[in-house]
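Undergrad: Listed below, chain by chain, are the residues.
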Amino acid sequence: MSTPTWDEFAELALKRITVSGAEYGDMRIQDSHTEHMEGEDRRIASIRDVRDIGFGVRVLYHGAWGFAASSILSLEEVPRIADLAVEIARGSASVALEKVRLAPEPVHRDRIVTPYRIDPFSVPLEKKADLLLNTMETLHRQPGIARSNASLWVRRDKKLFVSTEGSHLEFDLLAGQGDCTATALYDSRFASRSFNTPHLRKGYEVIEEADFLREASRVADQAVEKVKAPAVDAGQYDLVLDPEHLSLTIHESCGHPSELDRALGYEANYAGTSFLTTEKRGNFRYGSRYVNLVADNTEPETLAATGFDDDGVQCQRWDIVRDGIFVGYCTNREVAPKIGESRSRGSNRADGWENIPIVRIANIGLEPGSATVEQLIADVKRGIYIEGHGSYSIDQRRYNFQFGGDAFWLIENGRRTHMLRDVIYHGITPEFWNSCDGVADRSFRRRYGFITCGKGQPGQSGWMTHAASPARFRRVQVIRGEGS
Amino acid sequence: MTVVSGKWPKMTTRDEFRFLSDLVFTRSSADHTMVSLRDHHAGTTRFANNQIIQNVDARRGILTVTVAFDRQHGTASTTDFTAGSIQDTLARAERIARVSPADPEYLPPPDPCSFPIRDTAKSETVAAGPVKRLEYANEAIGHCRMENLMAAGVVSSSGTAVGIAADNGLFGYEYRADGRFSLTVQAGDATGWSAAAHRSIDHLKVQERTLAAIAKAKRGRDACELPAGRYPVILEPAAVAGLWTWLIWSLDAKSYVKGTSPFAGKLGQVIVDERLTLRNDPDHTDLLGEGMTHEGLPSIPSVWIDHGVLKQLAYDRFTAKAEGVHAIPTLEAPALSMDGLSLHSVQDLIKNTERAILVANFWYIRPVNPRDLMLTGMTRDGTFLVEKGEIVSPVKNFRFHESPLRVFQHLSAWTAPMEAVNSETRKMLVPAVALPHFYFSSVTRF
Chain X
1 MSTPTWDEFA ELALKRITVS GAEYGDMRIQ DSHTEHMEGE DRRIASIRDV RDIGFGVRVL
61 YHGAWGFAAS SILSLEEVPR IADLAVEIAR GSASVALEKV RLAPEPVHRD RIVTPYRIDP
121 FSVPLEKKAD LLLNTMETLH RQPGIARSNA SLWVRRDKKL FVSTEGSHLE FDLLAGQGDC
181 TATALYDSRF ASRSFNTPHL RKGYEVIEEA DFLREASRVA DQAVEKVKAP AVDAGQYDLV
241 LDPEHLSLTI HESCGHPSEL DRALGYEANY AGTSFLTTEK RGNFRYGSRY VNLVADNTEP
301 ETLAATGFDD DGVQCQRWDI VRDGIFVGYC TNREVAPKIG ESRSRGSNRA DGWENIPIVR
361 IANIGLEPGS ATVEQLIADV KRGIYIEGHG SYSIDQRRYN FQFGGDAFWL IENGRRTHML
421 RDVIYHGITP EFWNSCDGVA DRSFRRRYGF ITCGKGQPGQ SGWMTHAASP ARFRRVQVIR
481 GEGS
Chain E
1 MTVVSGKWPK MTTRDEFRFL SDLVFTRSSA DHTMVSLRDH HAGTTRFANN QIIQNVDARR
61 GILTVTVAFD RQHGTASTTD FTAGSIQDTL ARAERIARVS PADPEYLPPP DPCSFPIRDT
121 AKSETVAAGP VKRLEYANEA IGHCRMENLM AAGVVSSSGT AVGIAADNGL FGYEYRADGR
181 FSLTVQAGDA TGWSAAAHRS IDHLKVQERT LAAIAKAKRG RDACELPAGR YPVILEPAAV
241 AGLWTWLIWS LDAKSYVKGT SPFAGKLGQV IVDERLTLRN DPDHTDLLGE GMTHEGLPSI
301 PSVWIDHGVL KQLAYDRFTA KAEGVHAIPT LEAPALSMDG LSLHSVQDLI KNTERAILVA
361 NFWYIRPVNP RDLMLTGMTR DGTFLVEKGE IVSPVKNFRF HESPLRVFQH LSAWTAPMEA
421 VNSETRKMLV PAVALPHFYF SSVTRF
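Same order as they appear, the protein sequences are chains X and E. Numbering follows our numbering, with no gaps: position 202 of the first sequence is 202. Numbering follows our numbering, with no gaps: position 289 of the second sequence is 289.
Don't read these hints as lab results, they were simulated from the structure. Just to be clear, a hint being listed does not mean it is correct.
Stated by the list, open to error - If you want the footprint, here are the derived chain E segments under chain X, 3+ residues with CB under 8 Å:
{"id": "1", "region": "50–63"}
{"id": "2", "region": "101–115"}
{"id": "3", "region": "147–160"}
{"id": "4", "region": "178–187"}
{"id": "5", "region": "257–263"}
{"id": "6", "region": "362–372"}
Said to hold, decoys possible - Derived EDC-like pairs (lysine to aspartate or glutamate); straight-line CA-CA distance at most 20 Å:
{"id": "7", "chain 1": "X", "residue 1": "LYS158", "chain 2": "E", "residue 2": "ASP88"}
{"id": "8", "chain 1": "E", "residue 1": "LYS10", "chain 2": "X", "residue 2": "ASP83"}
{"id": "9", "chain 1": "E", "residue 1": "LYS258", "chain 2": "X", "residue 2": "GLU40"}
{"id": "10", "chain 1": "E", "residue 1": "LYS396", "chain 2": "X", "residue 2": "GLU431"}
{"id": "11", "chain 1": "E", "residue 1": "LYS10", "chain 2": "X", "residue 2": "GLU77"}
{"id": "12", "chain 1": "X", "residue 1": "LYS127", "chain 2": "E", "residue 2": "ASP103"}
{"id": "13", "chain 1": "E", "residue 1": "LYS321", "chain 2": "X", "residue 2": "ASP41"}
Idealized CB from N, CA, C, for every residue including glycine.
Using the sequences and the hints given, assemble the complete structure.
TA: The structure is reproduced here in structure tokens:
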């Protein structure tokens with residue numbers, strides 16, 4: 001007997017769900033292939049090749065969810081898991097107060113494939129290892145570098161989504177990323193500086209388009225300069241933040257609070273709730289008039305641009321903050337109707353086949369303005385230019401945040417001067433975004449992705465991209481990130 | 001509710017793992033071959049706004065093969081345990097190893113040993129399905145409804161078959177059960193929290209912890225705002241565990257040797273209050289001790305900080321060999337204790353305090369500076385002003401900016417070690433403590 005096809009497994013599961021009397025059900029079968037190479041201190045420390053295949057069945061029975069999943073894809077296991085999902089949903093329904101009602105979505109039948117120039121799994125491992133070894137050697141060429149790291153990560157997800165409503169969606173998605181880090185030692189201090197390609201849905205060209213050796217030389221120089229740099233003096237500074245740094249600021253202070261499930265209390269026990277409560281939509285001044293934050297899950301190459309989400313809802317583009325006013329949430333089919341929206345925004349995503357999808361941050365980006373970076377800096381008397389990611393923390397309603405960075409330069413009288421170290425800034429989200437008085441134009445726009453956004457119980461990692469042009473913020477409180 | 005999960009799934013047994021690993025060894029052409037197993041079955045019932053929002057059950061088995069030709073090594077994994085897939089996984093690992101650069105830090109698999117046998121497979125947890133979880137969730141929700149409060153939380157139960165084997169005869173297998181409960185009670189703007197983790201789902205003390213979270217939430221209404229600054233504090237066990245988790249994660253021996261550790265040059269020196277001792281206590285019934293590590297080393301009781309003196313680091317096998325460390329200590333069951341007369345409870349700490357901030361838990365703790373282990377984070381789900389031996393008011397949450405290496409230099413008062421777990425830390429036994437100085441750098445809006 002030949003091995004059943006994914007479609008045959010799916011048909012088997014959907015039949016069990018349908019005869020159970022459930023009002024809705026779906027199934028995701030996923031085959032993920034990950035290759036991860038890590039270099040440390042001039043050696044290839046590990047190369048891992050992971051194949052992860054399994055399926056999950058989700059059932060809505062009398063307004064309550066049940067979900068079951070297994071890594072055994074067989075004719076015996078599929079109906080057993082479908083039945084288990086139904087049983088769990090029945091149990092949930094027996095104590096349900098408010099029944100889940102799904103926002104309508106047209107039936108979709110489609111196949112989504114990531115366009116690529118170079119299949120990342122076709123590139124010889126020797127070539128990838130050589131790149132990392134040469135990158136680490138370049139880092140160590142700079143005197144003062146004590147440690148080096150470099151890594152490459154590529155992933156292919158083949159997925160089938162089917163629902164009892166008739167949607168049938170096939171996915172063949174790629175993603176990749178690479179990075180390197182230099183750590184410098186000086187006078188019993190140490191400091192690191194990194195280069196990261198963005199995580200993008202492309203082929204191996206995401207690695208080849210980056211000049212790792214040139215970037216390694218740059219970050220090694222800057223690591224040494226950083227470790228010897230003076231520590232920042234605490235006080236108020238104007239900040240000019242680069243796109244990579246802003247990607248994290250946007251993620252934490254705009255992305256998470258705009259997740260509607262958080263605003264409705266679903267994450268109260270873990271990831272937290274949101275200060276952007278539902279009565280604020282349409283009337284709350286989140287930022288200055290320069291601040292336009294747009295969710296765009298249709299932009300090619302970005303992580304959340306997968307054609308459809310794990311509700312089978314088509315990816316969309318919509319406003320989160322328009323002219324400084326908070327206007328929109330990230331939603332799924334379950335929560336969208338709770339604020340009177342007739343359609344989900346398509347932000348329901350699961351971390352692999354073994355997890356139930358939950359509301360996730362979309363590709364939220366800061367819309368470009370009209371300035372150049374030079375103009376933003378020229379109008380700063382005393383400020384700091386910040387690149388990259390460092391320390392980060394934010395409260396459970398996303399008001400009080402604190403960020404570091406990867407590299408800092410003092411701005412004096414309109415000129416970027418020398419590097420600083422141990423820069424930490426903190427603030428309250430709407431006050432911070434209301435202090436924005438300039439965003440650079442589209443030519444400065446860059447995109448950075450996240451693949452380890454933690455949320456949910458059991459914990460899940462979410463993927464999304466945040467794009468931005470450099471932006472300026474006035475009179476932000478800066479402290480020194482070391483003990484007194 | 002009828003449940004199929006009581007009979008499902010059949011997890012990979014010791015004999016089956018031995019069969020699978022022998023299959024790999026028979027077919028391997030490498031100089032060294034290791035096989036590891038993680039077959040995990042977990043169910044989670046999640047609730048919010050006083051009703052079930054998520055009810056899930058998942059089983060995921062993964063087999064990982066690592067091979068080496070001399071010092072060239074490669075690793076491949078699969079979730080498909082059929083013979084063909086396992087053969088393919090071995091072939092992928094061998095293909096990687098053959099083209100990998102020689103790794104100067106590669107070491108052959110550890111020698112075979114007898115792993116300690118620990119009571120990790122609690123049948124009551126393994127047998128617990130959605131019915132038991134629903135029962136616990138309903139208990140928490142019921143108490144909150146009666147008080148007109150909102151409950152959000154989670155009940156989970158899991159069983160994991162873990163195995164490690166090598167072609168030199170190394171073989172270990174263990175079944176680990178894990179039950180968890182956590183609850184956030186919302187009383188308007190105020191929140192109260194409690195959590196538990198245990199090998200036995202019967203030891204989660206759901207009612208006791210629910211009532212504790214309710215009491216905190218009710219007491220947290222109408223919080224006042226205090227200015228940022230230095231305060232004496234009383235830290236409940238979860239808050240202590242949050243700070244010590246980062247200290248433990250920073251004990252990496254390779255960073256120590258390379259000079260990129262906050263402990264550089266401090267091995268054998270006093271790093272915290274000389275009455276504090278940190279042990280690994282894997283046989284303690286309330287900790288989540290294990291018999292072996294993922295590297296194939298036995299988990300052993302050990303002392304890491306002895307009366308304030310740093311005694312151990314977290315060694316990878318290469319660094320241990322280079323530094324002449326023969327028995328690599330593990331720290332999966334941390335127990336922190338304080339010499340001297342301890343108080344009975346957090347309430348006793350409060351009674352003995354003139355003025356302090358009482359912190360139930362910290363949230364989103366992250367390093368600010370790895371050189372001095374400066375951390376930041378927020379207080380969460382229960383922050384109060386204590387004056388003259390009593391809680392006088394809830395206060396708005398603070399952001400802190402502190403290093404555990406500084407604040408644990410001197411403890412004013414403490415309890416005996418208690419169970420502690422939060423959303424970002426592994427379970428520990430730690431005392432609740434009173435500290436004379438703690439720096440809160442800013443205040444949030446609630």
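Undergrad: If you test the structure against every hint from before, which numbers come out violated?
TA: No hint contradicted; all consistent.
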